[in-house]
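Asker: Sequence positions in the sequence shown follow this note's numbering and run 5 to 299.
Simulated from the structure, these hints should not be mistaken for lab results. We treat Cβ as the ideally placed atom computed from N, Cα and C, and that holds for glycine. Check each hint, because a few of them may be wrong.
Restraint-style ranges between C-beta atoms, simulated for each label pair [as the list claims (entries may be wrong)]:
{"#": "1", "residue 1": "Gln32", "residue 2": "Glu148", "range": "53 to 59 Å"}
{"#": "2", "residue 1": "Gly33", "residue 2": "Thr156", "range": "47 to 53 Å"}
{"#": "3", "residue 1": "Glu46", "residue 2": "Phe277", "range": "27 to 33 Å"}
{"#": "4", "residue 1": "Ala108", "residue 2": "Glu61", "range": "18 to 24 Å"}
{"#": "5", "residue 1": "Gln32", "residue 2": "Pro64", "range": "21 to 27 Å"}
{"#": "6", "residue 1": "Ala299", "residue 2": "Asp30", "range": "21 to 27 Å"}
{"#": "7", "residue 1": "Val296", "residue 2": "Gln32", "range": "24 to 30 Å"}
{"#": "8", "residue 1": "Asp30", "residue 2": "Phe277", "range": "43 to 49 Å"}
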Amino acid sequence: MLLGVACGSSSRETTPLASDGTHLRDEQGRIAVLRGVNARVEGVFDVTFSDGRVPLEPIPPLEASDCKRMRELGLDLLRLPINWSGIEPVRGSYDEAYLDRVDAAVRCAGDAGVYVMIDLHQDAYSKEIGEDGAPLWAIQPPPEMLLQGPLTDLGERRTSPQVTAAFDTFFAEDDPAGLQSAFFAMLDHVASRWADDPAVIGFEIYNEPSVGQQQVIPFSTAAAARVRAAAPGKLVFFEPTATRNLFDFAPKATEPFPVGGAVYAPHIYTFVFYSDPTRLEQLQPSDLEPSVKLA
5 MLLGVACGSS SRETTPLASD GTHLRDEQGR IAVLRGVNAR VEGVFDVTFS DGRVPLEPIP
65 PLEASDCKRM RELGLDLLRL PINWSGIEPV RGSYDEAYLD RVDAAVRCAG DAGVYVMIDL
125 HQDAYSKEIG EDGAPLWAIQ PPPEMLLQGP LTDLGERRTS PQVTAAFDTF FAEDDPAGLQ
185 SAFFAMLDHV ASRWADDPAV IGFEIYNEPS VGQQQVIPFS TAAAARVRAA APGKLVFFEP
245 TATRNLFDFA PKATEPFPVG GAVYAPHIYT FVFYSDPTRL EQLQPSDLEP SVKLA
């Protein structure tokens, strides 16, 4: 459902959406089913280095024509990955020039009538040791080796000792290194900036957390509460542990998520990680049903 807008319309007014616990609804109470894309944007998806190291990968720009084309295709949502390393390269100091670039992407989408989900993204914890995510100062213990591009070994990076150690420290109980506290403060800053922006429907608090579900839920609960306090009118998207992507199921919740305005946002990667590539070419809608039910 495109909220009453016919395909082919290149612009429309974005209106707030809310979660009723089962569906997203617009201001008139209608169920909203969004269709969109995830887009890494040059200058926003932070995979370059200032010390001469080779960038990890090329990232394309986002132009007004791209956003207009999205609406012409009937799409109405941009999932916009942003990175902690771009927001807070120095601890306690936020890079407003970086956030201005994020805002330019939000404006591009919003002006075309496309909603934006701002996604606090990471893959293999950090560009310094993986692909993207945390700044160098937030890697504890400090990495033994800083990596560079071209990125051809992401699978190996995901399971490297320095990446797994960084995740263990970040998600450690009682936050001994103070990294979650710093992350939450950064979330406050980001959510406050777009709290009243009609194009932004909400914030995804952490992409594919690589840690056990028993650690993900307390972290997501605390992060979601901070976002809702800073931006009460916005949705908060949260994910299960990243192992769900590998096995197509996640542990069943025993109680409702305790923060209002939350949206469960698992990634459905049916057959992607453990099947013959030809199996994907034969994928049927019925193949997706178990993945969705077990998400």
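Asker: Within 21 to 27 Å or not, the Cβ separation of glutamine 32 and proline 64?
Answerer: Roughly 36 Å apart at Cβ, these two residues miss the hinted range, so it is violated.
Asker: Valine 296 and glutamine 32, beta-carbon distance inside 24 to 30 Å?
Answerer: holds (27 Å)
Asker: Is 53 to 59 Å right for how far apart the beta carbons of glutamine 32 and glutamate 148 are?
Answerer: Once the Cβ atoms are compared, 56 Å apart, the range 53 to 59 Å for glutamate 148 and glutamine 32 holds.
Asker: Are alanine 299 and aspartate 30 spaced within 21 to 27 Å by their CB atoms?
Answerer: Holds, since alanine 299 and aspartate 30 (Cβ atoms, about 24 Å apart) stay within the stated range.
Asker: Can you let me know if the beta-carbon spacing of aspartate 30 and phenylalanine 277 is within 43 to 49 Å?
Answerer: violated (35 Å)
Asker: Indicate whether the distance between the beta carbons of glutamate 46 and phenylalanine 277 respects the range 27 to 33 Å.
Answerer: holds (28 Å)
Asker: Starting from the hint 47 to 53 Å, judge whether the C-beta atoms of glycine 33 and threonine 156 obey it.
Answerer: holds (49 Å)
Asker: Would you say the C-beta atoms of alanine 108 and glutamate 61 sit inside 18 to 24 Å of each other?
Answerer: Because 21 Å falls inside the window, the suggested range holds.
Hint compliance for this structure: hints 5 and 8 are broken, all remaining hints hold.
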